[in-house]
Amino acid sequence: NAGVTQTPKFRVLKTGQSMTLLCAQDMNHEYMYWYRQDPGMGLRLIHYSVGEGTTAKGEVPDGYNVSRLKKQNFLLGLESAAPSQTSVYFCASSYSMQSEQFFGPGTRLTVL
Amino acid sequence: AQSVTQPDIHITVSEGASLELRCNYSYGATPYLFWYVQSPGQGLQLLLKYFSGDTLVQGIKGFEAEFKRSQSSFNLRKPSVHWSDAAEYFCAVGPFSGGYNKLIFGAGTRLAVHP
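Protein chains in written order, with the working numbering: chain H, 945 to 1056; chain P, 349 to 463.
No lab work stands behind these hints, which were simulated from the structure alone. Source: prediction; values computed, not measured. It cannot be assumed that every hint is accurate.
Said to hold, decoys possible - Reference listing, derived: stretches of chain P covered by chain H, where coverage requires no fewer than 3 residues with Cβ under 8 Å from a Cβ of chain H: (1) 384-393; (2) 450-460.
Claimed, not checked - Only some residues are given here: those of chain H computed to face chain P with a beta carbon under 7 Å: (3) 1019; (4) 1021; (5) 1022; (6) 1044; (7) 1049; (8) 1050.
Unchecked claim - With a straight-line Cα cutoff of 30 Å, these simulated DSSO-like cross-link-like pairs (lysine-lysine) come out: (9) H:1015 / P:416; (10) H:1015 / H:953; (11) H:958 / H:1001; (12) P:450 / H:1015; (13) P:409 / H:1001; (14) P:397 / P:416; (15) H:1001 / P:397; (16) P:450 / P:416; (17) H:953 / P:450; (18) P:409 / P:397; (19) P:409 / H:953; (20) H:1015 / H:1001; (21) H:953 / H:1014; (22) P:450 / P:409; (23) H:1014 / H:1001; (24) H:953 / H:1001; (25) H:953 / P:397; (26) P:397 / P:450; (27) H:1014 / P:409.
Don't be surprised by glycine CBs; every beta carbon is placed ideally from N, CA and C.
Sequences are here, hints too, so could you generate the full structure?
Here is the structure:
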């Protein structure tokens, strides 16, 4: 039981490049989330999903897209990376609206 | 608007000393309240949560937190800190209306432990 895993762990991009971050969970959770963590700002919700085939915007969705084609996977895409997207990205999942969110180990992204 | 404030950015304590990390929230009703811990280079781990009932909540690793409605606070405490408790601690509040499990996180408190 791996919990929540994220791929890759580190990535360096040049401005304008694109990439996809993969999140996978093996707990059969309906809810999945993408957060970014920046110094002094805690975690901010980018996008989330309440089930397979559904996605919705969080607090800071601009510049990101997501897809949830399979229940266990939640992909975060950057179509044209900008230096402002340099951050640590965390994926999380939960069973229900009120239950604990389980977090992945994070992806450290640097955009030059 | 909903918000979470952790007034202390950094705290340093000696090993064996007691600890209290502060968390204040702004919300119209009683929210669900959480404390998470993040060790260096790791993801977040849930320490404890409050949904309803007894306002003193016990968590893992010897931590506890007390919900005080009159003060809109949910402070985290530990009677005797261990060196392995050095980490960053996040208070979170949620979920909110809209039918989804959205958490609002505080900015975090970084704890250093002196031997």
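Structure-based check of all given hints:
no., hint, verdict
1, 384-393, "holds (count 6)"
2, 450-460, "holds (count 6)"
3, 1019, "violated (18 Å)"
4, 1021, "violated (21 Å)"
5, 1022, "violated (20 Å)"
6, 1044, "holds (5 Å)"
7, 1049, "holds (5 Å)"
8, 1050, "holds (6 Å)"
9, H:1015 / P:416, "violated (38 Å)"
10, H:1015 / H:953, "holds (22 Å)"
11, H:958 / H:1001, "holds (25 Å)"
12, P:450 / H:1015, "holds (19 Å)"
13, P:409 / H:1001, "violated (35 Å)"
14, P:397 / P:416, "holds (14 Å)"
15, H:1001 / P:397, "holds (25 Å)"
16, P:450 / P:416, "holds (22 Å)"
17, H:953 / P:450, "holds (25 Å)"
18, P:409 / P:397, "holds (14 Å)"
19, P:409 / H:953, "holds (27 Å)"
20, H:1015 / H:1001, "holds (18 Å)"
21, H:953 / H:1014, "holds (21 Å)"
22, P:450 / P:409, "holds (26 Å)"
23, H:1014 / H:1001, "holds (18 Å)"
24, H:953 / H:1001, "holds (24 Å)"
25, H:953 / P:397, "holds (28 Å)"
26, P:397 / P:450, "holds (15 Å)"
27, H:1014 / P:409, "violated (35 Å)"
Violated hints, listed in ascending order, are 3, 4, 5, 9, 13, 27; each of the other numbered hints is respected by the structure.
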